[in-house]
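Could you build the full structure based on these sequences and the hints that come with them?
For the protein sequence lines, the chains are A and B, in the order given.
Each residue of the first sequence is one higher than the one before, starting from 374 at the first, in my numbering.
Each residue of the second sequence is one higher than the one before, starting from 374 at the first, in my numbering.
Keep in mind that the hints are not guaranteed to be accurate.
It does not matter which identical chain is used: a pair holds within one copy or between any two.
Stated by the list, open to error - Okay, derived cross-link-like pairs now, SDA-like style, lysine to any residue, Cα gap no bigger than 25 Å in a straight line:
id, residue 1, residue 2
1, Lys499, Leu730
2, Lys416, Gln601
3, Lys828, Gly576
4, Lys499, Met826
5, Lys416, Leu730
6, Lys662, Leu730
7, Lys828, Val693
8, Lys732, Pro487
9, Lys732, Ala392
10, Lys793, Arg627
11, Lys499, Arg484
12, Lys416, Glu598
13, Lys492, Met450
14, Lys492, Glu505
Think of the hints as simulated: they come from the structure by calculation, not from any bench.
There are 2 protein chains.
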Amino acid sequence: MGSTQQMTGTDQQASCGQADELSRLVEKQDWDHVLALLSQLRKEDEAGLLCDMDRDRVREVMLHLSTEELANLVAVMPQEESCRFCEAIDPLTLADVLDETNPDFAAHILRGLPEETVKQVLPQLKDSGVVEPLLQYKRGTAGEHMTTSFVALAHDMTVDDGINAIRAQKPRRDTVDTLYVVDARGRLRGVMTLRQLVLSRPGARLRTIMERKLLSVTPDTPDRECAQLMQRYNISSLPVVDTTGHMVGVITLRQLLHVTTEQATADMYHMVGLSETERISRPLRVSVKRRLPWLIMSLGFALASGLVVSAFETTVAAMVALASFLPLISAMGTNYAQQVATLFVRGLATGELRQTLVKRAVTREAMLGIINGVAVSALSALVALVWMRSLLLAQIFGLAMFLTLGLSALLGALTPLLLKKLHADPALGSSVLLATATDITGFVFLLGLAAAMLKWTGAS
Amino acid sequence: MGSTQQMTGTDQQASCGQADELSRLVEKQDWDHVLALLSQLRKEDEAGLLCDMDRDRVREVMLHLSTEELANLVAVMPQEESCRFCEAIDPLTLADVLDETNPDFAAHILRGLPEETVKQVLPQLKDSGVVEPLLQYKRGTAGEHMTTSFVALAHDMTVDDGINAIRAQKPRRDTVDTLYVVDARGRLRGVMTLRQLVLSRPGARLRTIMERKLLSVTPDTPDRECAQLMQRYNISSLPVVDTTGHMVGVITLRQLLHVTTEQATADMYHMVGLSETERISRPLRVSVKRRLPWLIMSLGFALASGLVVSAFETTVAAMVALASFLPLISAMGTNYAQQVATLFVRGLATGELRQTLVKRAVTREAMLGIINGVAVSALSALVALVWMRSLLLAQIFGLAMFLTLGLSALLGALTPLLLKKLHADPALGSSVLLATATDITGFVFLLGLAAAMLKWTGAS
Numbered sequence: 374m375g376s377t378q379q380m381t382g383t384d385q386q387a388s389c390g391q392a393d394e395l396s397r398l399v400e401k402q403d404w405d406h407v408l409a410l411l412s413q414l415r416k417e418d419e420a421g422l423l424c425d426m427d428r429d430r431v432r433e434v435m436l437h438l439s440t441e442e443l444a445n446l447v448a449v450m451p452q453e454e455s456c457r458f459c460e461a462i463d464p465l466t467l468a469d470v471l472d473e474t475n476p477d478f479a480a481h482i483l484r485g486l487p488e489e490t491v492k493q494v495l496p497q498l499k500d501s502g503v504v505e506p507l508l509q510y511k512r513g514t515a516g517e518h519m520t521t522s523f524v525a526l527a528h529d530m531t532v533d534d535g536i537n538a539i540r541a542q543k544p545r546r547d548t549v550d551t552l553y554v555v556d557a558r559g560r561l562r563g564v565m566t567l568r569q570l571v572l573s574r575p576g577a578r579l580r581t582i583m584e585r586k587l588l589s590v591t592p593d594t595p596d597r598e599c600a601q602l603m604q605r606y607n608i609s610s611l612p613v614v615d616t617t618g619h620m621v622g623v624i625t626l627r628q629l630l631h632v633t634t635e636q637a638t639a640d641m642y643h644m645v646g647l648s649e650t651e652r653i654s655r656p657l658r659v660s661v662k663r664r665l666p667w668l669i670m671s672l673g674f675a676l677a678s679g680l681v682v683s684a685f686e687t688t689v690a691a692m693v694a695l696a697s698f699l700p701l702i703s704a705m706g707t708n709y710a711q712q713v714a715t716l717f718v719r720g721l722a723t724g725e726l727r728q729t730l731v732k733r734a735v736t737r738e739a740m741l742g743i744i745n746g747v748a749v750s751a752l753s754a755l756v757a758l759v760w761m762r763s764l765l766l767a768q769i770f771g772l773a774m775f776l777t778l779g780l781s782a783l784l785g786a787l788t789p790l791l792l793k794k795l796h797a798d799p800a801l802g803s804s805v806l807l808a809t810a811t812d813i814t815g816f817v818f819l820l821g822l823a824a825a826m827l828k829w830t831g832a833s
Numbered sequence: 374m375g376s377t378q379q380m381t382g383t384d385q386q387a388s389c390g391q392a393d394e395l396s397r398l399v400e401k402q403d404w405d406h407v408l409a410l411l412s413q414l415r416k417e418d419e420a421g422l423l424c425d426m427d428r429d430r431v432r433e434v435m436l437h438l439s440t441e442e443l444a445n446l447v448a449v450m451p452q453e454e455s456c457r458f459c460e461a462i463d464p465l466t467l468a469d470v471l472d473e474t475n476p477d478f479a480a481h482i483l484r485g486l487p488e489e490t491v492k493q494v495l496p497q498l499k500d501s502g503v504v505e506p507l508l509q510y511k512r513g514t515a516g517e518h519m520t521t522s523f524v525a526l527a528h529d530m531t532v533d534d535g536i537n538a539i540r541a542q543k544p545r546r547d548t549v550d551t552l553y554v555v556d557a558r559g560r561l562r563g564v565m566t567l568r569q570l571v572l573s574r575p576g577a578r579l580r581t582i583m584e585r586k587l588l589s590v591t592p593d594t595p596d597r598e599c600a601q602l603m604q605r606y607n608i609s610s611l612p613v614v615d616t617t618g619h620m621v622g623v624i625t626l627r628q629l630l631h632v633t634t635e636q637a638t639a640d641m642y643h644m645v646g647l648s649e650t651e652r653i654s655r656p657l658r659v660s661v662k663r664r665l666p667w668l669i670m671s672l673g674f675a676l677a678s679g680l681v682v683s684a685f686e687t688t689v690a691a692m693v694a695l696a697s698f699l700p701l702i703s704a705m706g707t708n709y710a711q712q713v714a715t716l717f718v719r720g721l722a723t724g725e726l727r728q729t730l731v732k733r734a735v736t737r738e739a740m741l742g743i744i745n746g747v748a749v750s751a752l753s754a755l756v757a758l759v760w761m762r763s764l765l766l767a768q769i770f771g772l773a774m775f776l777t778l779g780l781s782a783l784l785g786a787l788t789p790l791l792l793k794k795l796h797a798d799p800a801l802g803s804s805v806l807l808a809t810a811t812d813i814t815g816f817v818f819l820l821g822l823a824a825a826m827l828k829w830t831g832a833s
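Okay, structure coming up:
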């Protein structure tokens, strides 16, 4: 008996040393050793090394790999990477590579490639008739993520018939862990797990042991909603059914794990105004093209708060110390609004903020804004008094801080809700919009109060 | 044949109407109708309704439910909610409820309860000898999330022996989808899926069909790392093995789905300085106690940037227009640093930012900071020129903006990396620290340049 390869902890990933070694060998065009090195690695680590390499070098390595090996590599890459990798393969070879995978994986890859490439590759596929309809499903829907390879058994089969039918089909994938039971007209009627089948009496009819209470989605159901259903009902796959009740595919938890991770990334990115496809590994040019327009837009927004200050120039000139309070008002307001917005964005994304709770949550945040506002503004007034030794400034700053925090709490809660109501992403750039909104209102509070007080004390 | 209950889309969750109806019935103490209403619902929806209800009312409803029903309800609640729910049950009943579940679930609940309650409940449990050692595993480790119910088969069994052994064990849970093969001394030697077992020739020995290349973790492995391994190698469960090579449990993807979702939430919360246990549904008092100290700390930070402005008071007095540029510098610097920090925090969390890529990523961000900085500062200078009709101000503002963006890019990239190096959470309040750092440096650039220019022009 051979030794068992057991790996634990952090030594499980390909090391930096291997990456350098590989680059060196490719540089030397020493293909025998390149292939030997790659064959020692797990497919996932091999894919990782190739993804980190220079495009041109990868192209050279690929020439020495079979279409089957390429297919196995592409299968274990994250979507982003796999599409970039496939773009480097010429269309004819790519068709052969995709033929080695299954139709839903081929569709998954083609969806991420330029339209022109798709036009060249699609007609060359063996299964083009199956792949093409899959391409019609929109991004972010169950249709995009579902697999068309699932096991459907007739409801009048016995347990033994069922096991034999599965053996005959020799399904390669883990979607067989859940079995779907259909009636004579092919409509989905029930569901059971492979475990239930194995544990049941061999002669029992499937329709007597299947679970009839089943959840299903349509191909148009948003993937977020599928993930929330699976998490809520603790199930690892959902059947996808068309309008006539016929099953067209299955969507599994494993596919959706990427969706939930990507969703969280997208939420975080959108909150700070990053494009969700931004990655650390992107070419510089792409990142500049994505970030610069947004930076310029931010400058426009920020200009608005600058104009507010400018409008009160005479007030600032009369009381220069006010300038020192601007950053405090800005930092506190922006930050508080961001905290509240984050709570709401995340609550909406995870489904924790259910429709029934929205009103309660907004009221709660408004009250928190008042409570925190009273405490912080009292402290702020004290700080101003000690710092500037002016009772007038202490009053102005304290009151402005209270108004700013209260309004920030409300803006932070309502912005994501409003964006959702407008069918936009609740996270969409809310931090920049919010920062501008809280800056403008905060400055108006601070400088407006100061102007009024100066006028009043001047008049008295 | 009865009708199949098939539910799709958004009508799958309990409605507001049902929540109101339930409250009304509980108010009226009409227990027959309460129980009738609850029995119509899925367990998950029933649990959801109860979690949203008033503590005291829930206590009344619970008196009318059997320990088995309570156990089923607790099992489908999110951890947070299940612990709060269990706190409302008296210790003796709680012990009975937990006896209906399995040891790892009991440990999971006890871990979230106050120490005193645990001391009362633990001795009453049937399986206290199994549950107690599980409580020793630290939070956030594989030990915390693993289940101790798994199927281990001897390596010299045949396929038919294996199927019969599983049938005899009647495992209730989905952890049976993966089977573990052990040698005569009980050490883990291989792994196979239930599917592989079912599809294999009935007489074949398990050791000839098992997969020997297996990944395992120890009870101390961080749960994040387990999730990354599963995602990277596309596997849905990992065996947990002690130092002697004996299996102690299994950690599954389904358990880790919550970990990845919670991880993303924690990252987002930490970036804006929220406690990761903060939820929209928490009592006000708790939220005030969590957020207020942090707000006061933020005020302290913000004060630092106010002091910088104050230090340049004579400069601002000489050129009041500078005050209008403070918010622009602050907004742009803070925002840019936040974007870069978000990329790094998320990259570290998902494992995308591998050790091998860190240097390249920092260099890349520094270069992007320079490129974006040149473009935005040229535009800024133009804006200042048009707005204030002063070439001097245009020069000061443009240069300050360039320096601010460049430094913000670097600070945004280095802060999460530094925090990680210090073994702190890379996301920890980085937005507040960063906002202060970029405000201070930005103001020093803007006002310092202005002071120098004023001196120079005054001297010339």
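Results of checking the hints against the structure:
For the homomeric pair lysine 499 and leucine 730, neither the shortest alpha-carbon distance inside one copy (51 Å) nor that between copies (39 Å) is at most 25 Å. In this assembly of identical chains, lysine 416 and glutamine 601 lie within 25 Å of each other by CA distance solely across copies; the values are 16 Å between and 31 Å within a copy. In this assembly of identical chains, lysine 828 and glycine 576 lie within 25 Å of each other by CA distance neither inside one copy nor across copies; the values are 94 Å within and 97 Å between. Taking identical chains as interchangeable, the C-alpha atoms of lysine 499 and methionine 826 are never at most 25 Å apart, the minima being 80 Å within one chain and 72 Å between chains.
In this assembly of identical chains, the alpha carbons of lysine 416 and leucine 730 lie at most 25 Å apart only when taken from different copies (20 Å versus 46 Å within one copy). Taking identical chains as interchangeable, the C-alpha atoms of lysine 662 and leucine 730 lie at most 25 Å apart only when they sit on different chains, with a minimum of 22 Å there against 40 Å within one chain. Both within a single protomer and between protomers do lysine 828 and valine 693 lie at most 25 Å apart by alpha-carbon distance, with minima of 16 Å and 19 Å respectively. For a Cα distance limit of 25 Å, the shortest separation of lysine 732 from proline 487 qualifies neither inside one copy, at 45 Å, nor across copies, at 31 Å.
Proximity of lysine 732 to alanine 392 under the C-alpha cut-off of 25 Å is restricted to the inter-copy arrangement: shortest distance 15 Å between copies versus 54 Å within a copy. In the homo-oligomer, the alpha carbons of lysine 793 and arginine 627 never lie at most 25 Å apart, since the shortest distance is 27 Å inside one protomer and 29 Å across protomers. When the C-alpha separation of lysine 499 and arginine 484 is checked against a cutoff of 25 Å, the pair qualifies only within one copy, where the shortest distance is 17 Å, while the shortest distance between copies is 54 Å. With identical chains, the CA atoms of lysine 416 and glutamate 598 are at most 25 Å apart between copies only, with a shortest distance of 19 Å across copies and 32 Å within one.
Within a single copy, lysine 492 and methionine 450 get their C-alpha atoms as close as 23 Å, which meets the 25 Å cut-off; across copies the closest is 48 Å, which misses it. Proximity of lysine 492 to glutamate 505 under the C-alpha cut-off of 25 Å is restricted to the intra-copy arrangement: shortest distance 11 Å within a copy versus 62 Å between copies.
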